[in-house]
Amino acid sequence: MRIIHKDTGMSEKSISMLERRGIKCTANRIIVLDALLDEGRPMSMKELEEAIATLDKSSIFRCLTLMKENHLLHVLDGGPEGVRYEVCHHDHSDGKEDSDQHVHFHCLKCGRTFCFEDILIPHVSVPEGYQVEHLEYTIKGICPDCL
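Just so it is clear: in the sequence shown, position 19 is 392 by my numbering, and no numbers are missing.
Just so you know, these hints were derived from the structure itself, not from any lab. These numbers were taken from a predicted model, which means no experiment stands behind them. For glycine and all other residues, C-beta sits at the position ideal for the given N, C-alpha and C. Wrong hints could be hidden among the right ones.
The list that follows gives simulated cross-link-like pairs (lysine-lysine, DSS-like), each with its CA atoms no further than 27 Å apart [said to hold, decoys possible]:
{"no.": "1", "residue 1": "Lys397", "residue 2": "Lys419"}
{"no.": "2", "residue 1": "Lys441", "residue 2": "Lys419"}
{"no.": "3", "residue 1": "Lys513", "residue 2": "Lys441"}
{"no.": "4", "residue 1": "Lys482", "residue 2": "Lys419"}
{"no.": "5", "residue 1": "Lys430", "residue 2": "Lys482"}
{"no.": "6", "residue 1": "Lys419", "residue 2": "Lys430"}
{"no.": "7", "residue 1": "Lys386", "residue 2": "Lys397"}
{"no.": "8", "residue 1": "Lys419", "residue 2": "Lys386"}
{"no.": "9", "residue 1": "Lys397", "residue 2": "Lys441"}
{"no.": "10", "residue 1": "Lys482", "residue 2": "Lys513"}
{"no.": "11", "residue 1": "Lys386", "residue 2": "Lys441"}
{"no.": "12", "residue 1": "Lys441", "residue 2": "Lys430"}
{"no.": "13", "residue 1": "Lys430", "residue 2": "Lys397"}
{"no.": "14", "residue 1": "Lys419", "residue 2": "Lys513"}
{"no.": "15", "residue 1": "Lys386", "residue 2": "Lys430"}
Computed beta-carbon distance windows for the label pairs [unchecked claim]:
{"no.": "16", "residue 1": "Val456", "residue 2": "Lys482", "range": "25 to 35 Å"}
{"no.": "17", "residue 1": "His475", "residue 2": "Asp411", "range": "15 to 25 Å"}
{"no.": "18", "residue 1": "Thr399", "residue 2": "Leu481", "range": "34 to 44 Å"}
{"no.": "19", "residue 1": "Ala400", "residue 2": "Val497", "range": "15 to 25 Å"}
{"no.": "20", "residue 1": "Glu501", "residue 2": "Ala426", "range": "47 to 57 Å"}
{"no.": "21", "residue 1": "Thr427", "residue 2": "Pro495", "range": "39 to 49 Å"}
{"no.": "22", "residue 1": "Gly455", "residue 2": "Val505", "range": "16 to 26 Å"}
{"no.": "23", "residue 1": "Ala426", "residue 2": "Leu508", "range": "32 to 42 Å"}
{"no.": "24", "residue 1": "Ser431", "residue 2": "Val497", "range": "32 to 42 Å"}
{"no.": "25", "residue 1": "Thr399", "residue 2": "Pro495", "range": "34 to 44 Å"}
{"no.": "26", "residue 1": "Val456", "residue 2": "Val505", "range": "30 to 40 Å"}
{"no.": "27", "residue 1": "Leu481", "residue 2": "Arg393", "range": "28 to 38 Å"}
Required output: the full structure, derived from the provided sequences and hints.
Put into structure tokens, the structure is as follows:
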């Protein structure tokens, strides 16, 4: 278990990202965003709870909810573990909420999900009359650490 202890909780990158989205920089929000940035991959609530020993589940969830509402996080279907939270690096100034969509890889052995940011989701045409609201592309297999 990796435990995150931040004396000040003041990560410059996290502060900058929160401020760009108009989110007040509190210690809890910075700690949660630091955890996601430090891990560098989508994390489930359970993984975040294990990584952040200094915050309870409800505090973490409130931070995640606020960041999601302000388009700082994407939410991915995490299978049996529920959803996973991923930092969104796009600024959304073009009005497109999910314009940085990329492929994800979910390891069936260790349960971690990884971002393949350089591989974009292929274009998918849907029949007339359907409106796509959200698109996820997840490859499932075994990661290099588990092979």
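How the hints compare with the structure:
no. : hint                        : result
1   : Lys397 / Lys419             : holds, 25 Å
2   : Lys441 / Lys419             : holds, 17 Å
3   : Lys513 / Lys441             : holds, 25 Å
4   : Lys482 / Lys419             : holds, 17 Å
5   : Lys430 / Lys482             : holds, 25 Å
6   : Lys419 / Lys430             : holds, 9 Å
7   : Lys386 / Lys397             : holds, 14 Å
8   : Lys419 / Lys386             : holds, 24 Å
9   : Lys397 / Lys441             : holds, 14 Å
10  : Lys482 / Lys513             : holds, 10 Å
11  : Lys386 / Lys441             : holds, 18 Å
12  : Lys441 / Lys430             : holds, 16 Å
13  : Lys430 / Lys397             : holds, 20 Å
14  : Lys419 / Lys513             : holds, 20 Å
15  : Lys386 / Lys430             : holds, 24 Å
16  : Val456 / Lys482: 25 to 35 Å : violated, 21 Å
17  : His475 / Asp411: 15 to 25 Å : holds, 20 Å
18  : Thr399 / Leu481: 34 to 44 Å : holds, 37 Å
19  : Ala400 / Val497: 15 to 25 Å : violated, 41 Å
20  : Glu501 / Ala426: 47 to 57 Å : holds, 52 Å
21  : Thr427 / Pro495: 39 to 49 Å : holds, 41 Å
22  : Gly455 / Val505: 16 to 26 Å : holds, 23 Å
23  : Ala426 / Leu508: 32 to 42 Å : holds, 35 Å
24  : Ser431 / Val497: 32 to 42 Å : holds, 37 Å
25  : Thr399 / Pro495: 34 to 44 Å : holds, 39 Å
26  : Val456 / Val505: 30 to 40 Å : violated, 19 Å
27  : Leu481 / Arg393: 28 to 38 Å : holds, 36 Å
Against the hints set out earlier in the document, violations occur for numbers 16, 19, 26.
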